[in-house]
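**Q** Here is how the chains run, residue by residue.
Protein chains: 2
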Amino acid sequence: MEICKEFLLIGEKAKKAARQLAFASTEAKNRSLLAMAQALVDNQAEILKANAIDVQRAEEKGLRKSLINRLRLTSNAILEMSNAIREVVNLPDPVGSGEFWTRPNGLKIQKTRVPLGVVAMIYEARPNVTVDAAALCLKSGNACILRGGSEAIESNIVLARIISEAAERSGSPAGSIQLVELTDREYALQLMRMNKYIDVIIPRGGAGLIQAVIENSTVPVIETGTGVCHAFVDKDADLAKAVEIVFNAKTQKPGVCNALETLLVHQDIAQEYLPLIGKKFKDYGVEIRGCAKVQSILEYAFPAEEDDWATEYLDLIISVKVVSDLDEALDHIYRYSTKHSEVIITENYTTAQRFLNEVDAAAVYVNASTRFTDGGRFGYGAEIGISTQKLHARGPMALPELTTIKYIIYGENHIVT
Amino acid sequence: MEICKEFLLIGEKAKKAARQLAFASTEAKNRSLLAMAQALVDNQAEILKANAIDVQRAEEKGLRKSLINRLRLTSNAILEMSNAIREVVNLPDPVGSGEFWTRPNGLKIQKTRVPLGVVAMIYEARPNVTVDAAALCLKSGNACILRGGSEAIESNIVLARIISEAAERSGSPAGSIQLVELTDREYALQLMRMNKYIDVIIPRGGAGLIQAVIENSTVPVIETGTGVCHAFVDKDADLAKAVEIVFNAKTQKPGVCNALETLLVHQDIAQEYLPLIGKKFKDYGVEIRGCAKVQSILEYAFPAEEDDWATEYLDLIISVKVVSDLDEALDHIYRYSTKHSEVIITENYTTAQRFLNEVDAAAVYVNASTRFTDGGRFGYGAEIGISTQKLHARGPMALPELTTIKYIIYGENHIVT
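Chains C and P are the protein sequences, given in the same order. The numbering of the first sequence is numbering that gives the first Met the number 0, which starts it at 0 and goes up by one. The numbering of the second sequence is numbering that gives the first Met the number 0, which starts it at 0 and goes up by one.
Worth double-checking, as some hints may not be accurate.
Pairs count within a copy or across copies, as identical chains cannot be separated in the list.
Heads up, simulated EDC-like pairs for lysine to aspartate or glutamate below, C-alpha to C-alpha not over 16 angstroms straight-line [to be verified]: (1) Lys14 - Glu1; (2) Lys278 - Glu243; (3) Lys14 - Glu357; (4) Lys14 - Glu311.
Since the hints were derived computationally from the structure, they do not count as laboratory data.
Bound-form chain C, shown alone (with noise of 0.2 angstroms):
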């Protein structure tokens, strides 16, 4: 595939910028970070024009309304942008830490943290993540190649120019922080052979997005992640406890990854538990699609189809079955989650460490909302994304996870015999 001219100049530019960036000190990117605060909040007029402009044009193109809602800026939302940017700051810098011994012969190692150079963000229309991404990079010693969707366009335009002058003008190299303004198609396609100029992709966003930088990327890719995170409440199950936490986990914040899509139901407690559980979710008006046996005890559960246990609907809508025992409710997790956030909601001890072991997710939890999968509730500080993949990261991903390591080798004329 051929690379277009202005993509080859931004990958020049990223791949210099990084070679700096890379033993760059924490003061100086801190330095950095705080006058990329400032300036947003300095030019938050020429922020707001600018997002009007996409807003105007994405009703007129008639976008779905929770789409406009997440384009939408407003000085309260740049002010939470930059404060972001200041908690970055604060946070520890994971570049030029690590692990050391010295080997039998007297070779001294240093196995060390450093930046893993050139990182892409393929995302959606989401401006926030435009400032988010370029400060966690810069943070974590790595040049920024960011390619937002078309419908955020002008904001990220605005966006970009602010905080990458601004890191600039503060002592960052140029071409830390770019933004690819050809957002067709073609271009993110091209975006994913640069394997020459960008060590990692990291695509966020819905489904699609996703399986297409996978089946495209010959750059190594975090995959983040769609979640059919499943609860499984027990027949050990505390009632009152399974209720209040099912009920979180599906209604706190339906469209993210880490809400609740399917709730198993051992067939001992159905008779109990389902009713208690479908008036709160009836009353808050969520739709429940339900296996037979669920339909038999809810008569308000509409019927669930086989392609119900493979959604992830993000919205308030929950998929409900009833299972004869924990192996069916393993087996069924196994078949259908997307190894995101996996729940079990029990008293006893052995079923729980047994799902515990046998579920295979980024995060299993025992009598816990799924919605905690995230990196600030881990105790991150931040997070670039959730990885559902098992390389490289899994789960919430924060600074350490945009570095790799580098062994660093002190020797005194060794040689190898």
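Dock chain P against chain C, hints included.
**A** Coordinates of chain P only, in the frame set by chain C:
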């Protein structure tokens, strides 16, 4: 791409085995490894017979002698393979170790090492890789799918059958170790698209094989690699050390990825140093391909073409260039390095630190041979390959690199508000 029926069966079987292996105890896995080691010795005659067929075919086809030598097995080679498995028994099991913390809200988070799942190895005509890879995968709780080169197919079929039967007989799940007997290229391509069944593909072999996997695989890949390794002999080098280290890095085992391919010499000491190392190379039969300055000093040096700077000879050939200073050396390495192993020879502290900071490679050395880049020599006790990519693993990969993370979270009715 359509996946053939045989591969779907292999994939299903591997996934099923992986699900069991994920929580096999270290004791159980070691029991299988010991049975595998013993079975190799017990079935020596059968292995040698199959191998003789491969060797005969290779000779009839007129394959290169070095290839045939790598293909050929002897009683001693089988004993070595068997002992290599016994060494894996003694290595610590990375599965089940990790970190643990408690969040301010009381949520307890365990970041635990778990197996990757199903690991596919694509490699060339080295039968010992079949045994090594199977042993390392089993110890780390992974099911493996092995696809070796067609030249070794008879040996591989027998080896894989012996070790997989031994593993199963001693309690490991069926399908833990499987060999792909279809060695045509089109089948390798199918393997690279089996995202549903395979968690990671590790190619081991020449640049062509690795490039084909990177280009075609939608399954995550760990690139192992070609090494265009450089030594820079600084003006402040101890020239006696510089002769010894450079000679060792080039000649101790020239056919491997951590062998030296390019020598950069500071102009201030070129007149003195080049004749010293040049004579040693000449006497040993190492062909020197030099820049104009090198040729003016060593009358027996051949001219280096542009291509030479990017070539991994894997042979008794070295490209040599005189550079004006450290910056030119760094620029040359930046441009031509495959980021495997790079070394500076110097007595100057500040020069050494600049080289270590600024060179981007898996392993960067001061005053030691690049031949140390190796799992065994780093103290890891084993090696499944040397990663030259930045994602997941970089440098020598051992057992921990065959694992990923699983977050296990103990809640007490925790919900997100």
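**Q** Against this structure, judge whether each hint is valid.
**A** Here's how the hints hold up against the structure:
1. In this assembly of identical chains, lysine 14 and glutamate 1 lie within 16 angstroms of each other by CA distance neither inside one copy nor across copies; the values are 19 angstroms within and 38 angstroms between.
2. Only within a single protomer do lysine 278 and glutamate 243 lie at most 16 angstroms apart by alpha-carbon distance; the minimum there is 12 angstroms, versus 80 angstroms between protomers.
3. Taking the shortest alpha-carbon separations for lysine 14 and glutamate 357, only the inter-copy value of 13 angstroms comes in at or below 16 angstroms, while the best intra-copy value is 43 angstroms.
4. Within a single copy, lysine 14 and glutamate 311 get their C-alpha atoms no closer than 37 angstroms, and across copies no closer than 23 angstroms, so neither meets the 16 angstroms cut-off.
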